[in-house]
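Undergrad: Okay, here's what each chain looks like letter by letter:
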Amino acid sequence: MNYFPDEVIEHIFDYVVSHRDRNALSLVCKSWYRIERCTRQRVFIGNCYSVTPERLFQRFPGLKSLTLKGKPHFADFSLVPYGWGGYVYPWIEALAKSRVGLEELRLKRMVVTDESLELLSRSFTHFKSLVLVSCEGFSTDGLAAIAANCRYLRELDLQENEVEDHKGQWLSCFPDSCTSLVSLNFACLKGEVSLGALERLVARSPNLKSLKLNRSVPLDALQRIMMRAPQLADLGIGSFVQDPESEAYIKLKSTILKCKSITSLSGLLEVAPHCLATIYPICPNLTSLNLSYAAGIQGSDLIKLIRHCVKLQRLWIMDCIGDKGLGVVAKTCTDLQELRVFPSVPFGNPVAVTEKGLVAISMGCPKLHSLLYFCHQMTNAALITVAKNCPNFIRFRLCILDATKPDPDTMQPLDEGFGAIVQSCRRLRRLSLSGQLTDQVFLYIGMYAEKLEMLSIAFAGDSDKGMLYVLNGCKKLRKLEIRDCPFGDMALLTDVGKYETMRSLWMSSCEVTVGACKLLAKKMPRLNVEIFNENEQEDCSLEDGQRVEKMYLYRTVAGKRRDAPEYVWTL
Amino acid sequence: MINFEETELRLGLPGGSASDHGELTLKGSGGKRVFSETASVDLKLNLSSNNDSASVSTTTEKSKEKTTTVEPTARANDPAKPPAKAQVVGWPPVRSFRKNIVNVQRSNNEEGEKSGGGVAFVKVSMDGAPYLRKVDIKLYKSYQELSDALAKMFSSFTIGKCGSQGMKDFMNETKLIDLLNGSDYVPTYEDKDGDWMLVGDVPWEMFVESCKRLRIMKGSEAIGLAPRAVEKCKNRS
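As you go down the protein sequences, you meet chains A and B in turn. Per the UniProt record's numbering, residue 1 is the first one in the first sequence, and the count goes up by one each step. Per the UniProt record's numbering, residue 1 is the first one in the second sequence, and the count goes up by one each step.
Same shape as in the complex, but just chain A (with noise of 0.2 angstroms):
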């Protein structure tokens, strides 16, 4: 088959980038393979239990970088217990064996340990990029372990991580030979950091372009770091809080003046609302904005902020700016492509968003593609609008704070809303739903949404008939998760081979027996069918009839996982 010899055909890979084209490339032919896995630098694995690290680096001895995702997306929402798995030890133990020379490694929701970071760090001499979102179980003396050993490093950062705090100065590990730094996020840490190492760190870092400061970080020490990085196009301030009469904060104004890179901006994990002014020069550049954690702004402050940022193309805020901020982001980011609102409240904000922020964006901001809403109410002629305005929606997430919630102007559940969602926006990948829904909705988003991916559900549906629909027509769902929802044994039996043509399924709170699982999982061996058995009754058998609380399901061609604690019954 092979028309070109080897090297010519290696050169022609090294242009397919995407995981899922070099995927089809090695599906071709066996000499395509063969080369594709010898040349595969990087490689996501989206769920560490689907493969061994063993089998990983077998088949890809040219590994540089990995992408290895643990936990299911549930376990954000404190719905998976603790202790349930995810621990990247063994996969950092392997690789160290195998002699792969890794040089970057990307962890979601996994349990990642002092040692693991240990060895990572003394195992891979290229080693150059760590990015840890999502986990935990390590503290600040792991991340010394990285500072101190890897003499290239280029990039650790660090998301929305439970990390221990020693008190250990790990920022002042970084030898002074280390000069390598791109990017550094340190925002979740909850301790404090030598601000003369970090100052001294930035000054001789002179590629940096990415710094997330945590609450530590005051804003003097902050003047003084963007002195040293002017060049800094990725900013995270910690605490911009200072007396306006001071010299640092008059210092800080003409700093900001010179740092006209600055295009992504995110943090202020403290902030004093008066030192806001000092902001308003960098906005007109600003193309990402995330002040999702800055719960020291006021809605009003907020706008007057943004009506500064006219090239926002990204914008994470909280709900406190209210369905009228929304009306001012709408005149002024008209190139917003992806928006985040976020409750500032547990349960919302009273005079927070509502459908009508939604509608005001979707007519200011035609570009909107990724959506992740948090409101207290939405109506069906809502989003029917959204769906009109924006057909280019690839994520749709939309999470009514009162969980089966209807219209609240027809009082109808919002099936027809969310079906002219799906019907209009042809290249949808993500959806999740909410407010009171029955099992017509599904029927439409079966029909319709062919490229469907993800799809979260939660207090939904009337009968099995929705999940089927969902299971029979959405041809490319990898991710299915469903929680509260009337979704029983037929619905799960009905076409048990889908699963293995996904990545996984979640389902709590549903109406799925014991008895049906264990069917499953004996019809279907490439699958590990994990029930979480919480009673807390030793002698407690599982009886078939019994309802599952929770059950999660996963295709690997790894067998049964020997590390499920014990409430993990894999049948």
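Misleading hints may appear alongside valid ones.
What the hints assert, rightly or not - Estimated spans, in silico, between C-beta atoms of each pair: (1) B:Lys-141 - A:Glu-192: 29 to 37 angstroms; (2) B:Arg-98 - A:Met-490: 33 to 41 angstroms; (3) A:Leu-493 - B:Arg-213: 58 to 66 angstroms.
Just so you know, these hints were derived from the structure itself, not from any lab. Owing to the predicted nature of the structure, the values given are computational and were not obtained by experimental measurement. We treat Cβ as the ideally placed atom computed from N, Cα and C, and that holds for glycine.
Let chain A serve as the given structure and place chain B on it in line with the hints.
TA: Relative to chain A, chain B alone:
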């Protein structure tokens, strides 16, 4: 202002604490908690009949906390009910990391607004007065000074016994009962937790830190607050 206390989930004894709101109470504990709320409530009413025994679930995490599920006593979409209904684990779907950070920041900011920069302006309302005032409680060093200032501020609105002497009398508990029985005024304040408290119980510094706003209530309306002061009087005499 949403009252967090109302919506907080707390541990109670099995079967014992199904309160009026159908709330579950969970004691906070030290150590790592994965669940911030641990009740799992089924909001689909047509499933509720299956739930009674099968849905008793227990967390098996380190502290071995027990939970029981509770039937919701209010429909989820009843607009008249405030958020004081049974809470659901993991809803709204916000990462615990985010929830924790934002909640901590909100309380820090509220504190910061008071103790930052040495000013602590709080609103002061007086029942019957046409408008509110703001006072910087950090300007004063004692309850006495505060009550003098308030008396001056509201002197134009008061009728009857609430001159500066009347206000001073409130700080004096032995006269409290007499004054409460009349149509006079009682100073109260809202603390950090959102509770309405009688002014004067705690040391002055503690008061300044926790006071969010002041309300000078009509004595007849303050009866609910009075028993605590009455108890104190009884205990001391």
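Undergrad: Does each hint hold? Answer for all of them.
TA: Here is how each hint holds up against the structure:
{"no.": "1", "hint": "B:Lys-141 - A:Glu-192: 29 to 37 angstroms", "verdict": "33 angstroms, holds"}
{"no.": "2", "hint": "B:Arg-98 - A:Met-490: 33 to 41 angstroms", "verdict": "37 angstroms, holds"}
{"no.": "3", "hint": "A:Leu-493 - B:Arg-213: 58 to 66 angstroms", "verdict": "59 angstroms, holds"}
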